[in-house]
Amino acid sequence: AQSVAQPEDQVNVAEGNPLTVKCTYSVSGNPYLFWYVQYPNRGLQFLLKYITGDNLVKGSYGFEAEFNKSQTSFHLKKPSALVSDSALYFCAVRDTGTASKLTFGTGTRLQVTL
Amino acid sequence: DSGVTQTPKHLITATGQRVTLRCSPRSGDLSVYWYQQSLDQGLQFLIQYYNGEERAKGNILERFSAQQFPDLHSELNLSSLELGDSALYFCASSVGGGGTNEKLFFGSGTQLSVL
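Residue numbers (my numbering), protein chains in the order written: chain E, 33 to 146; chain V, 98 to 212.
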């Protein structure tokens with residue numbers, strides 16, 4: 033069975049500092065990995081995805097994520113955080129064996145302060 | 098705006114009752130997915146429909162059922178409601194059948210409160 037772990041319930045960062053939101057995954061086949069963001073009272077929005085190829089994936093709003101197969105991780109990063117980045121971030125994985133099912137992590141709340 | 102419309106935004110009902118949540122996917126999208134978001138369970142996949150047919154099933158209770166109509170809108174029916182069914186229910190859509198490259202577009206959700 034596929035699964036995703038987001039070990040931090042909340043990450044606090046000062047504006048202008050780099051941020052990292054952690055994600056590790058478990059799949060039986062090859063992973064297809066996604067990051068989504070949820071702003072208050074809104075649905076989830078797609079940020080970026082890794083399917084194959086370059087381990088560093090660039091996405092929306094200046095976010096990027098690094099795929100590390102040996103550590104089974106897909107951490108979300110941004111070089112300089114903004115207050116407006118404060119939101120709930122979800123990592124998700126889709127197994128090649130069960131292509132339709134997208135499994136989400138429990139989410140990490142990012143709080144960026146001035 | 099994702100283009101996915103969910104109604105109603107809020108629903109308050111009593112235990113034992115039955116409710117229907119509605120979802121209209123983005124124009125052109127053939128798949129509809131239902132997810133349940135709660136504080137203790139996180140975001141749980143319930144079920145997916147593709148062009149009117151059930152495509153994938155997740156952790157959906159027998160008290161819950163869904164369908165997708167010819168115009169591609171979908172309804173999620175929740176019956177014999179329990180306090181623990183209180184959650185935010187999301188609908189999402191995608192162009193195809195949920196292939197590996199596809200991203201999902203989410204609606205704003207229906208907040209269900211069972212009292």
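Honestly, the hints are just simulated from the structure, not real lab data.
These figures come from a predicted structure and were not determined experimentally.
Be a bit skeptical, because a hint or two may be false.
[What the hints assert, rightly or not] Pairs of lysine-lysine, BS3-like flavour, derived with a Cα cap of 27 Å: (1) Lys109/E x Lys200/V; (2) Lys106/V x Lys54/E; (3) Lys133/E x Lys109/E.
Comparing the hints with the structure gives:
| no. | hint | in the structure |
| --- | --- | --- |
| 1 | Lys109/E x Lys200/V | holds, 20 Å |
| 2 | Lys106/V x Lys54/E | violated, 31 Å |
| 3 | Lys133/E x Lys109/E | holds, 25 Å |
Checked against the numbered hints listed earlier, the structure breaks hint 2 alone; every other hint is satisfied.
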